[in-house]
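Asker: Residues per chain, in single letters:
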Amino acid sequence: GNSVTQMEGPVTLSEEAFLTINCTYTATGYPSLFWYVQYPGEGLQLLLKATKADDKGSNKGFEATYRKETTSFHLEKGSVQVSDSAVYFCALLDMRFGAGTRLTVKP
Amino acid sequence: DAGITQSPRHKVTETGTPVTLRCHQTENHRYMYWYRQDPGHGLRLIHYSYGVKDTDKGEVSDGYSVSRSKTEDFLLTLESATSSQTSVYFCAIFTGTYEDTQYFGPGTRLTVL
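The listed protein sequences derive, respectively, from chains A and B.
So in my numbering, spot 41 of the first sequence is number 1123, and the numbers just go up one at a time.
So in my numbering, spot 72 of the second sequence is number 295, and the numbers just go up one at a time.
Same shape as in the complex, but just chain A (with noise of 0.2 Å):
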């Protein structure tokens, strides 16, 4: 069946660093996919999303390309803010969610 496989944390990384975390899914064809931010005492947010082979999804500085020949979709932000300190989900359209990566950022 589909899964999403995602890159163990928790992160921890200095202010203005560059960030990367893996995603990796197995699915049955090509199903949109999704990044979601989850900060402190909320539910999930859309990050963005991509909804077909070599699509980016961008937001807020992230960034994410559906890669299919990798089956990747890593999320990259090219300089962190204490401000992105969250837990970051990556997800397949049929509500399959990785386990989460926790990002702290340090002044």
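Be aware that a few hints might be false.
DSBU-like, lysine-lysine: derived pairs with alpha carbons at most 35 Å apart [as the list claims (entries may be wrong)]:
1. A/Lys1134 <-> A/Lys1150
2. A/Lys1150 <-> B/Lys280
3. A/Lys1134 <-> B/Lys276
4. A/Lys1188 <-> B/Lys234
Here are a few chain B residues that sit away from chain A, every Cβ distance over 10 Å (derived from the structure) [unchecked claim]:
5. Gly239
6. Thr243
7. Arg245
8. His247
9. Gln248
10. Glu250
11. His252
12. Val283
13. Glu302
14. Leu336
The hints are simulated quantities; they were obtained by calculation from the structure and are not laboratory data.
Think of the CB as a built atom: it goes at the ideal place given N, C-alpha and C, for glycine as much as any other residue.
On the provided structure of chain A, position chain B as indicated by the hints.
Answerer: Okay, now just chain B, sitting in the frame of chain A:
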């Protein structure tokens, strides 16, 4: 904001007692979901609904039941709570549009002693 509320937001109960969590939406979306969130597991789907009185099981449905008698409300019931059901429970709706996006409620933290 998709107008999703959950109640209660926090609950502590004892093993063996019944518990009902409520999810309410204000925008008449057809699809609603219940997830649980546990460390190391991410979100796991418990049950979902695709309309009034139409529900189906997710990957971790054992010990849970749901009901949807109105479009706006989706109830999750633990018939006899166990300590393994201590978790944070999230409700979500799916807009079913081209946006293909789920919107989540704020969550309910349930502790079963």
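Asker: Taking the earlier hints as the rules, which of them does this structure contradict?
Answerer: Structure breaks no hint.
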